[in-house]
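Novice: The primary structure of each chain is shown beneath.
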Amino acid sequence: MTSAISIDGVSKRYGALQALDSVSFSVEQGEFFALLGPNGAGKTTLISAMAGLARQDSGQIRIMGHDTIASARDARINLGVVPQELVFDPFFTVREALAFQSGYFGLRRNDAWIDELLFKLGLTEKANANMRALSGGMKRRVMVAQALVHRPPVIVLDEPTAGVDVELRQSLWDFVQELNDAGHTIILTTHYLEEAETLCSRIAMLKRGRLIALEDKDTLLSRSAKREVALKLSGELPASLAPWHARNEDGRIVLSLPTLSDLEGVLTTLRGAGLEVRELSMLETDLEHVFVSMMSGEKI
Amino acid sequence: MNGFYTLFKKEVLRFWKVAFQTVSAPVLTALMYQLIFSHVLRSHVDAYPGVSYTAFLIPGLAMMSMAQNAFANGSSSLIQSKITGNIVFILLPPLGALEFFAAYLLAAIARGLLVGLGVLVVTAWFGLPLPAQPLWVLAFAVLGCGVLGTLGIIAGIWAEKFDQLAAFQNFLIMPLTFLSGVFYSINSLPPIWFAASHANPVFYMIDGFRYGFFGQADISPWLSLGVVGTSFVALASLALGMIKSGYKLRH
Ligand SMILES: Nc1ncnc2c1ncn2[C@@H]1O[C@H](COP(=O)(O)OP(=O)(O)O)[C@@H](O)[C@H]1O
Ligand SMILES: [Mg+2]
Numbered sequence: 001m002t003s004a005i006s007i008d009g010v011s012k013r014y015g016a017l018q019a020l021d022s023v024s025f026s027v028e029q030g031e032f033f034a035l036l037g038p039n040g041a042g043k044t045t046l047i048s049a050m051a052g053l054a055r056q057d058s059g060q061i062r063i064m065g066h067d068t069i070a071s072a073r074d075a076r077i078n079l080g081v082v083p084q085e086l087v088f089d090p091f092f093t094v095r096e097a098l099a100f101q102s103g104y105f106g107l108r109r110n111d112a113w114i115d116e117l118l119f120k121l122g123l124t125e126k127a128n129a130n131m132r133a134l135s136g137g138m139k140r141r142v143m144v145a146q147a148l149v150h151r152p153p154v155i156v157l158d159e160p161t162a163g164v165d166v167e168l169r170q171s172l173w174d175f176v177q178e179l180n181d182a183g184h185t186i187i188l189t190t191h192y193l194e195e196a197e198t199l200c201s202r203i204a205m206l207k208r209g210r211l212i213a214l215e216d217k218d219t220l221l222s223r224s225a226k227r228e229v230a231l232k233l234s235g236e237l238p239a240s241l242a243p244w245h246a247r248n249e250d251g252r253i254v255l256s257l258p259t260l261s262d263l264e265g266v267l268t269t270l271r272g273a274g275l276e277v278r279e280l281s282m283l284e285t286d287l288e289h290v291f292v293s294m295m296s297g298e299k300i
Numbered sequence: 001m002n003g004f005y006t007l008f009k010k011e012v013l014r015f016w017k018v019a020f021q022t023v024s025a026p027v028l029t030a031l032m033y034q035l036i037f038s039h040v041l042r043s044h045v046d047a048y049p050g051v052s053y054t055a056f057l058i059p060g061l062a063m064m065s066m067a068q069n070a071f072a073n074g075s076s077s078l079i080q081s082k083i084t085g086n087i088v089f090i091l092l093p094p095l096g097a098l099e100f101f102a103a104y105l106l107a108a109i110a111r112g113l114l115v116g117l118g119v120l121v122v123t124a125w126f127g128l129p130l131p132a133q134p135l136w137v138l139a140f141a142v143l144g145c146g147v148l149g150t151l152g153i154i155a156g157i158w159a160e161k162f163d164q165l166a167a168f169q170n171f172l173i174m175p176l177t178f179l180s181g182v183f184y185s186i187n188s189l190p191p192i193w194f195a196a197s198h199a200n201p202v203f204y205m206i207d208g209f210r211y212g213f214f215g216q217a218d219i220s221p222w223l224s225l226g227v228v229g230t231s232f233v234a235l236a237s238l239a240l241g242m243i244k245s246g247y248k249l250r251h
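Residue numbers (our numbering), protein chains in the order written: chain A, 1 to 300; chain B, 1 to 251.
Here chain A stands alone, though its shape is the one from the complex (with noise of 0.2 Å):
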């Protein structure tokens, strides 16, 4: 099956920045992927690519097999982006916005969908309200219906959630879950590691430009900090433990243990040293831990 994305050795400079460095992965059809990194990493830009909003210096990107390029045209039939920044033309009702929208991709007669579509995000009181009238999580809504409006099999949302609030964060979610069960791909980029966390089913990590993590949640979870174990000592951590001493943590001491028959040796150790074990406790693994510990170089 044709992959949903695919890019293959994309590389982008701004100047002297690059802000992408030769970034290859897929994503398959029917995939809810996110992708992660911290501000500045390349992820807007290289979902820009993706829309043909920005022009890669080198690589290729292609949507449902078809290159961003050289088919433009069913590249972005076949992709829906709602972007990061709140844009949104305060000259129109949010009717008229998604009308345009739904005409720009040569629909017409769409009514029925923008109505289902302005339902399902709880605008259809706003229908006919001006763009400008609306607040920020309305406005947000409505850049997602109108990402919508030509039903793309592909689905990117870029931070859809930043300032929105939490009721309209869930009901989102709630949605786009929808969505990805009723066959869409979906990619997203947020802040809030949670929503990765409980979303998605595949994770990427960006970092300065490069692709450095790219694996089932579940992998990128169990190889991690589950070997991680908090604890409060009596005295000094001995120096034979020094190589397992990953960072201090609310006045506790974590070690990153290989495996985690390891810990008998520590406790061994501790003991032959006469410190004390005060508290002990196996860190939680979640995505917030793994991707701190990416982004500041640690190999899991």
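Just so you know, the hints here were simulated from the structure itself, not pulled from any lab data.
Each residue gets a CB set at the ideal place from its N, CA and C atoms; glycine is no exception.
Accuracy of the hints is not assured; some may be wrong.
[Claimed, not checked] Short derived list, chain A residues pointing at chain B, Cβ under 8 Å:
id	residue
1	Ala51
2	Leu53
3	Ala54
4	Val81
5	Pro83
6	Glu85
7	Phe88
8	Asp89
9	Phe91
10	Gly103
11	Arg108
[As the list claims (entries may be wrong)] As a list, the in silico DSSO-like pairs of lysine-lysine whose alpha-carbon atoms are at most 27 Å apart:
id	chain 1	residue 1	chain 2	residue 2
12	B	Lys82	A	Lys139
13	B	Lys82	A	Lys126
14	B	Lys82	B	Lys9
15	B	Lys161	B	Lys82
16	B	Lys9	B	Lys248
17	B	Lys9	A	Lys139
18	B	Lys17	B	Lys82
19	B	Lys161	A	Lys139
[Stated by the list, open to error] Ranges between beta-carbon positions, derived for each pair:
id	chain 1	residue 1	chain 2	residue 2	range
20	B	Ser220	A	Pro90	46 to 52 Å
21	A	Thr2	B	Glu160	37 to 43 Å
22	B	Asn187	A	Arg55	51 to 57 Å
23	B	Val40	A	Arg108	50 to 56 Å
24	A	Arg151	B	Glu160	33 to 39 Å
25	A	Ala133	B	Tyr247	31 to 37 Å
26	A	Thr2	B	Ser237	33 to 39 Å
Since the structure of chain A is provided, determine the placement of chain B with the ligands on it from the hints.
Specialist: Then chain B with the ligands, alone, in the frame of chain A:
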């Protein structure tokens, strides 16, 4: 075709919703020029034999207003969309360069023609005759708006800030439209100004447009048509090239 039509409709609605500023205001401005200049210059300037100065003034004012507003339409729409960021809604769909250009161009022409018609209607009682050659009137109205509408698209794509666009407008469009024989026949000018006027495409638009009303003008309407038509083709190719390459629109 439908994508083009939607963008065209959106661009027309955009100025129509604020028609008070985009159509009525320039018509009022032109009416004031007409009142003032016809009063001051009535007895001093002799335009063409058998054509009163007040009548002579009307087509020039109409064309000047058309030109300025055709320019303003595309340029202000594009710069606003670029600065607020909502241009993405036009860049994301599969609109071709020609569709994009034609939609902005025709909306600019529509606004220009509407303003021109408004100016003619409110000033006609100063003695404007019915057009001697209506086809020339129409041809120069449409082509004149087309040239300035295209310049507006180019300026709107090129400018990154409002003050860059204002500079373009104040230092290029205003001189071109004002120093184009709107208020006088260029035959009455000193030689250097006479020559300079011939390098100004807006002069040919106005002269040709006038020919349509009075059946006489400073130069042949065919020459004017040639100059205006060539300007349009050259500017349209430039604008299309810019849009196709993504210049300042796609990074
Ligand atoms: N149009 C542009 N011109 C110059 N630099 C840019 C432009 N767009 C993005 N950048 C730079 O490229 C880098 C990546 O930005 P971006 O893709 O927005 O990151 P992210 O979305 O991951 O936060 C940043 O350093 C940003 O400043
Ligand atoms: Mg971003």
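Novice: Quick check on a hinted range of 46 to 52 Å for B/Ser220 and A/Pro90, using CB atoms only.
Specialist: 47 Å, holds
Novice: CA of B/Lys82 to CA of A/Lys126, is that 27 Å or under?
Specialist: 26 Å, holds
Novice: B/Lys82 and B/Lys9: Cα distance at most 27 Å?
Specialist: Holds, at about 19 Å.
Novice: Any CB of chain B closer than 8 Å to the CB of A/Ala54?
Specialist: 4 Å, holds
Novice: A range of 33 to 39 Å was offered for this pair. Does it hold for the Cβ distance of A/Arg151 and B/Glu160?
Specialist: 35 Å, holds
Novice: Could one say that the CB atoms of B/Asn187 and A/Arg55 fall in the range 51 to 57 Å?
Specialist: Holds, since B/Asn187 and A/Arg55 (Cβ atoms, about 52 Å apart) stay within the stated range.
Novice: Assess, step by step, whether the Cα of B/Lys161 is no farther than 27 Å from the Cα of B/Lys82, and give holds or violated.
Specialist: Status holds; Cα separation ~9 Å.
Novice: When the nearest CB of chain B is found for A/Ala51, is that gap smaller than 8 Å?
Specialist: 6 Å, holds
Novice: Under 8 Å, Cβ to Cβ, is where A/Val81 needs to be relative to chain B, so tell me if that hint holds or is violated.
Specialist: 6 Å, holds
Novice: Mind checking the CB of A/Phe88 against every CB in chain B and telling me if the closest is under 8 Å?
Specialist: 6 Å, holds
Novice: Does the structure keep B/Lys9 and A/Lys139 at a Cα separation of 27 Å or less?
Specialist: Satisfied, since the Cα-Cα distance of roughly 23 Å is no more than 27 Å.
Novice: Return the status of the interface hint for A/Arg108: holds when the least beta-carbon distance to chain B is below 8 Å, violated otherwise.
Specialist: 6 Å, holds
In terms of the numbered hints stated before, the structure departs from none.
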